[in-house]
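Q: Sequence:
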Amino acid sequence: MKKKLYITIILIAVISLSFYFGLQKVQADELDSFGTLISKQNISAITDNDYVLSKYRRDKETVWVLTKTGLWKNINLELGGFEDLVELCRQNIYQIDDRGALCLKGFVGAHAENAVLIDLAKFQPIPFENEANKSYNIISDVPLFFFADDDAKLFISDMRNYDKNPLVDSIRNYYKWDGNEFIFDKQENITYDGKNIVTEGEL
872 MKKKLYITII
882 LIAVISLSFY
892 FGLQKVQADE
902 LDSFGTLISK
912 QNISAITDND
922 YVLSKYRRDK
932 ETVWVLTKTG
942 LWKNINLELG
952 GFEDLVELCR
962 QNIYQIDDRG
972 ALCLKGFVGA
982 HAENAVLIDL
992 AKFQPIPFEN
1002 EANKSYNIIS
1012 DVPLFFFADD
1022 DAKLFISDMR
1032 NYDKNPLVDS
1042 IRNYYKWDGN
1052 EFIFDKQENI
1062 TYDGKNIVTE
1072 GEL
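Going by my numbering, the sequence shown opens with residue 872, and the numbers climb by one from there.
Errors might be hidden in some of the hints.
Beta-carbon label-pair distances, calculated as ranges [to be verified]:
{"no.": "1", "residue 1": "Tyr1007", "residue 2": "Ile1068", "range": "35 to 41 angstroms"}
{"no.": "2", "residue 1": "Gln966", "residue 2": "Pro998", "range": "29 to 35 angstroms"}
{"no.": "3", "residue 1": "Ala992", "residue 2": "Gly1065", "range": "18 to 24 angstroms"}
{"no.": "4", "residue 1": "Ala1003", "residue 2": "Gln912", "range": "35 to 41 angstroms"}
{"no.": "5", "residue 1": "Asp1056", "residue 2": "Gln962", "range": "34 to 40 angstroms"}
{"no.": "6", "residue 1": "Lys993", "residue 2": "Asn1036", "range": "37 to 43 angstroms"}
{"no.": "7", "residue 1": "Pro998", "residue 2": "Ile917", "range": "37 to 43 angstroms"}
Here are the simulated DSSO-like cross-link-like pairs (lysine-lysine), alpha carbons at most 30 angstroms apart as the crow flies [what the hints assert, rightly or not]:
{"no.": "8", "residue 1": "Lys1057", "residue 2": "Lys1047"}
{"no.": "9", "residue 1": "Lys1066", "residue 2": "Lys1024"}
{"no.": "10", "residue 1": "Lys993", "residue 2": "Lys1035"}
{"no.": "11", "residue 1": "Lys1047", "residue 2": "Lys1005"}
{"no.": "12", "residue 1": "Lys944", "residue 2": "Lys911"}
{"no.": "13", "residue 1": "Lys911", "residue 2": "Lys931"}
{"no.": "14", "residue 1": "Lys1035", "residue 2": "Lys926"}
{"no.": "15", "residue 1": "Lys1057", "residue 2": "Lys1005"}
{"no.": "16", "residue 1": "Lys1005", "residue 2": "Lys931"}
{"no.": "17", "residue 1": "Lys1057", "residue 2": "Lys939"}
{"no.": "18", "residue 1": "Lys944", "residue 2": "Lys993"}
{"no.": "19", "residue 1": "Lys993", "residue 2": "Lys1005"}
{"no.": "20", "residue 1": "Lys1024", "residue 2": "Lys1005"}
{"no.": "21", "residue 1": "Lys1047", "residue 2": "Lys1024"}
{"no.": "22", "residue 1": "Lys1005", "residue 2": "Lys1035"}
{"no.": "23", "residue 1": "Lys1024", "residue 2": "Lys993"}
{"no.": "24", "residue 1": "Lys993", "residue 2": "Lys939"}
{"no.": "25", "residue 1": "Lys926", "residue 2": "Lys944"}
{"no.": "26", "residue 1": "Lys911", "residue 2": "Lys1035"}
{"no.": "27", "residue 1": "Lys993", "residue 2": "Lys1066"}
Just so you know, these hints were derived from the structure itself, not from any lab.
Don't be surprised by glycine CBs; every beta carbon is placed ideally from N, CA and C.
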């Protein structure tokens, strides 16, 4: 009886280890497709999961990958629109309806900034839709992004207005949350005269 029990335990262990190492091989092959690993860092966000942010070099392209780590399997998500730096926003997690969204941002170009909101339950970027165009990240060249309300259902981004004075004038874009994504709502011209500068809710 004991011999059968030991054999069963050994078989279960062998199958589990084979499954584990098989997953590790698949995940290693996936990571190799991102290019050469340059750096990686743990993301300190208050969630039930751990996250790792990795930087790769693929040909002449910089590739950023966010990894959700698990006991048996890691899930990798390639982030678009970033260059040499990606970091957590000033507030790491935003609560949008019933979902938590991890906020990441980083500079692109001379003075623009890219931002992405990751739906932590689905582990995918939250879309921004403007008419027929859908993007999984959003750019501001002021740079200035913020939520206009406490429940994070109105997202605002500013772009410099080159038809006026780009140092003090911008075009403000409003995106409303529809339950699944942020939909473009309206646009207005803003002059930074001290009344339209936001710091408290800035990403």
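Q: Each of the hints needs a verdict: does it hold here or not?
A: Verification of the hints:
1. Tyr1007 <-> Ile1068: 35 to 41 angstroms: 28 angstroms, violated
2. Gln966 <-> Pro998: 29 to 35 angstroms: 18 angstroms, violated
3. Ala992 <-> Gly1065: 18 to 24 angstroms: 40 angstroms, violated
4. Ala1003 <-> Gln912: 35 to 41 angstroms: 37 angstroms, holds
5. Asp1056 <-> Gln962: 34 to 40 angstroms: 22 angstroms, violated
6. Lys993 <-> Asn1036: 37 to 43 angstroms: 42 angstroms, holds
7. Pro998 <-> Ile917: 37 to 43 angstroms: Violated: the Cβ-Cβ distance is about 25 angstroms, outside 37 to 43 angstroms.
8. Lys1057 <-> Lys1047: Satisfied, since the Cα-Cα distance of roughly 9 angstroms is no more than 30 angstroms.
9. Lys1066 <-> Lys1024: 22 angstroms, holds
10. Lys993 <-> Lys1035: 41 angstroms, violated
11. Lys1047 <-> Lys1005: 14 angstroms, holds
12. Lys944 <-> Lys911: 18 angstroms, holds
13. Lys911 <-> Lys931: This hinted pair holds, its Cα atoms lying about 19 angstroms apart.
14. Lys1035 <-> Lys926: This hinted pair is violated, its Cα atoms lying about 38 angstroms apart.
15. Lys1057 <-> Lys1005: 16 angstroms, holds
16. Lys1005 <-> Lys931: Measuring from Cα to Cα gives roughly 26 angstroms; hence the hint holds.
17. Lys1057 <-> Lys939: 35 angstroms, violated
18. Lys944 <-> Lys993: 15 angstroms, holds
19. Lys993 <-> Lys1005: Given that 30 angstroms is the threshold and the Cα spacing comes to 18 angstroms, the pair holds.
20. Lys1024 <-> Lys1005: 18 angstroms, holds
21. Lys1047 <-> Lys1024: Answer holds: lysine 1047 to lysine 1024 is near 6 angstroms, not above 30 angstroms.
22. Lys1005 <-> Lys1035: Holds - the C-alpha atoms of lysine 1035 and lysine 1005 are around 28 angstroms apart, at most 30 angstroms.
23. Lys1024 <-> Lys993: 18 angstroms, holds
24. Lys993 <-> Lys939: 11 angstroms, holds
25. Lys926 <-> Lys944: 20 angstroms, holds
26. Lys911 <-> Lys1035: Judged against 30 angstroms, a Cα distance of about 42 angstroms means the pair is violated.
27. Lys993 <-> Lys1066: Given pair lysine 993, lysine 1066 is violated - Cα atoms ~38 angstroms apart, limit 30 angstroms.
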